[in-house]
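Q: Chains as they are written, first to last, in our numbering: chain G, 1 to 365; chain S, 1 to 365.
Please note that a few of the clues may not be correct.
One copy or two, either will do: identical chains are not told apart, so a pair holds if it fits within one copy or between any two.
[To be verified] Calculated pairs, EDC-like style, for lysine to aspartate or glutamate (alpha carbon to alpha carbon, straight line, at most 16 Å):
| hint | residue 1 | residue 2 |
| --- | --- | --- |
| 1 | 265 | 283 |
| 2 | 276 | 286 |
| 3 | 265 | 347 |
| 4 | 276 | 251 |
| 5 | 210 | 326 |
No lab work stands behind these hints: they were computed from the structure.
2 protein chains.
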Amino acid sequence: MDVDARVEAWASLQRVEGLRPRAFVDLLKAFGGPVEIRTASRTSLARVIPAETADAIRRGAEPAALERTLKWLAADGHWLVAWDDAHYPAALLALPDPPPVFCYAGRRELLNQHAIAIVGSRNATPRGIEHAEAFATALSDAGLTILSGLALGIDSGAHRGGLAGSAGSIAVVGTGLDQVYPPSNRPLVKRLASDGGVLSEFPLGTPPVKANFPRRNRILSGLSRGVLVVEATLASGSLITARFAADQGREVFAIPGSIDSPFSKGCHRLIRDGAKLVETAADVLEELGLGSAEPKRTALPHAGADANDPAGRVLAALGHDPAGVDVVAARTGLPADVVTATLVELELGGRVALLPGGRYQRSGA
Amino acid sequence: MDVDARVEAWASLQRVEGLRPRAFVDLLKAFGGPVEIRTASRTSLARVIPAETADAIRRGAEPAALERTLKWLAADGHWLVAWDDAHYPAALLALPDPPPVFCYAGRRELLNQHAIAIVGSRNATPRGIEHAEAFATALSDAGLTILSGLALGIDSGAHRGGLAGSAGSIAVVGTGLDQVYPPSNRPLVKRLASDGGVLSEFPLGTPPVKANFPRRNRILSGLSRGVLVVEATLASGSLITARFAADQGREVFAIPGSIDSPFSKGCHRLIRDGAKLVETAADVLEELGLGSAEPKRTALPHAGADANDPAGRVLAALGHDPAGVDVVAARTGLPADVVTATLVELELGGRVALLPGGRYQRSGA
Chain G
1 MDVDARVEAW ASLQRVEGLR PRAFVDLLKA FGGPVEIRTA SRTSLARVIP AETADAIRRG
61 AEPAALERTL KWLAADGHWL VAWDDAHYPA ALLALPDPPP VFCYAGRREL LNQHAIAIVG
121 SRNATPRGIE HAEAFATALS DAGLTILSGL ALGIDSGAHR GGLAGSAGSI AVVGTGLDQV
181 YPPSNRPLVK RLASDGGVLS EFPLGTPPVK ANFPRRNRIL SGLSRGVLVV EATLASGSLI
241 TARFAADQGR EVFAIPGSID SPFSKGCHRL IRDGAKLVET AADVLEELGL GSAEPKRTAL
301 PHAGADANDP AGRVLAALGH DPAGVDVVAA RTGLPADVVT ATLVELELGG RVALLPGGRY
361 QRSGA
Chain S
1 MDVDARVEAW ASLQRVEGLR PRAFVDLLKA FGGPVEIRTA SRTSLARVIP AETADAIRRG
61 AEPAALERTL KWLAADGHWL VAWDDAHYPA ALLALPDPPP VFCYAGRREL LNQHAIAIVG
121 SRNATPRGIE HAEAFATALS DAGLTILSGL ALGIDSGAHR GGLAGSAGSI AVVGTGLDQV
181 YPPSNRPLVK RLASDGGVLS EFPLGTPPVK ANFPRRNRIL SGLSRGVLVV EATLASGSLI
241 TARFAADQGR EVFAIPGSID SPFSKGCHRL IRDGAKLVET AADVLEELGL GSAEPKRTAL
301 PHAGADANDP AGRVLAALGH DPAGVDVVAA RTGLPADVVT ATLVELELGG RVALLPGGRY
361 QRSGA
């Protein structure tokens with residue numbers, strides 16, 4: 001990568017303490033670009049942002065740190081992706097507080113693919129991790145890049161599964177990209193950096209700091225069409241990601257589990273709060289409007305058969321020839337339990353007759 | 001029990017083929033009581049109901065069958081409970097098609113207690129049956145009589161659990177009360193008939209007929225404040241009971257489980273369709289408004305703190321002294337994940353500052 005003045009300006013601005021996304025927007029509006037901001041006078045900067053932040057911009061990044069960043073950027077497949085970059089994800093631009101610039105290692109073309117976040121507890125059950133992998137592969141094969149947070153457990157399973165599918169996987173991490181946390185995920189990070197991606201809004205050198213992870217989660221959810229929580233305790237950070245997703249207008253999906261498992265309690269809470277309960281990858285795709293449109297069975301047109309009136313539909317489908325529940329279900333397209341319940345009501349009301357063998361017939365009355 | 005003319009008239013009318021609940025109401029309105037109906041002329045009956053039904057009433061029940069009913073009723077704790085009986089359940093009267101009369105063996109005082117139905121698959125998992133028992137005992141101890149359908153699996157577990165609690169259990173069955181189906185539940189029926197109850201709208205002698213069970217389910221749900229489905233396949237009759245419950249304005253509760261288990265698929269479908277996901281008996285009681293009102297934590301009153309505005313509440317609770325997420329959660333009564341997400345947003349907006357150690361402070365801006 002050719003590290004030019006623009007990239008160097010972004011690398012420096014990324015390290016300015018106290019420069020919040022919204023102030024950054026104001027600066028870009030006022031000055032046009034990162035180089036213009038870096039070379040603006042203190043006086044003109046201070047018209048837009050607080051004086052102490054203007055001072056920090058004038059000082060610029062600490063030379064050793066900046067040097068390290070530029071060296072990292074010189075390597076193949078390492079990028080600084082800024083707001084004005086064609087590869088900057090459109091999904092992030094829609095957020096109230098998109099990161100002005102982030103570090104990225106990997107395939108930039110993945111940044112603007114449809115994506116879904118798959119997250120969950122670090123200490124998940126073995127079956128939960130298998131579910132994460134299986135959902136990730138199926139959704140990746142359906143064209144959704146799998147995002148997750150590189151934690152052990154569910155996150156790692158999601159990355160592996162996403163890489164195994166066709167749309168790949170991106171880890172959104174809470175440290176600088178020259179750090180790997182947890183260290184045991186070094187081989188996975190290497191695969192992601194070559195076949196998928198690794199993304200961080202934190203400057204190089206940022207160590208794992210607990211408080212940075214929730215902030216990272218807003219990027220994870222913001223990049224996604226939806227967030228799928230596979231297994232989560234009530235204390236899991238996945239619930240924070242899910243909450244960001246809901247606030248950002250993203251879908252939230254959760255996989256249920258045994259009421260005896262602490263790793264399902266977070267998912268159950270999400271479902272009670274309105275998350276979609278999903279059992280298969282197809283459920284997720286359908287909710288996102290990406291499902292392979294299952295052929296909808298529709299009622300045959302009958303005079304007087306209101307589509308919202310099961311009794312009318314059942315009567316219309318029944319006719320006066322005896323028919324069983326299965327036949328009526330097939331004719332109306334209604335689930336068997338709806339048909340059964342409706343037939344019982346109609347029978348009690350004397351409008352259909354129950355014949356030996358469990359078949360029904362319209363009655364004369 | 002003193003089998004008098006009134007009971008004999010009810011026993012006879014119960015056996016009239018084709019006499020539907022609604023026609024029965026019309027007859028009672030027209031003639032006042034069962035003896036009056038039995039002794040009315042064909043002509044006056046036929047003014048209210050079809051002529052062939054009037055003929056059937058005039059003929060009366062087959063003498064041997066009637067004899068058998070009267071003999072059964074002569075035994076201790078056996079009853080024919082009719083609309084005009086003080087023990088007739090008020091919950092059933094609210095249905096559009098209450099059974100005019102039903103057979104009952106057991107403690108009549110249970111018929112007007114608050115009740116909940118606990119149902120599920122016959123071939124449930126051992127853990128599912130344990131859940132049925134545990135929920136039933138806890139809910140019975142909370143004053144809810146446990147209703148179920150006497151099937152093997154979940155139903156039997158629910159009855160055992162209900163009997164172990166203080167409010168007992170009633171089986172609502174789809175056969176005549178002189179039949180026991182399944183036969184292996186004979187010991188359980190014996191316990192129910194002495195310590196709880198067994199109820200059927202079908203006349204004595206009615207064998208197990210598949211088509212009668214869905215019809216029975218509307219009584220099961222109708223008697224209940226709500227229906228709890230513990231484990232159910234997609235083909236389970238429990239889904240029919242749940243559907244009746246929803247139609248009757250009752251609450252529907254379902255226990256989630258592994259997405260790998262066919263016995264949870266019915267529950268998951270119900271949850272997707274709007275049933276309440278429950279993990280504990282306390283969840284059920286709370287939804288029914290019977291919970292031991294958990295002390296609700298409310299936000300401290302602060303000027304400008306809108307209860308629906310987490311950011312305002314968090315800011316108000318934070319003040320300018322550094323505080324961690326736990327402290328802010330305790331002060332606001334908001335869940336920790338809401339507090340964390342809100343603090344991240346506020347920090348990104350520059351309204352709070354993140355200090356070393358993960359504590360937050362209102363910032364001057």
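Q: Are there hints from earlier that the structure breaks, and if so, what are their numbers?
A: 3
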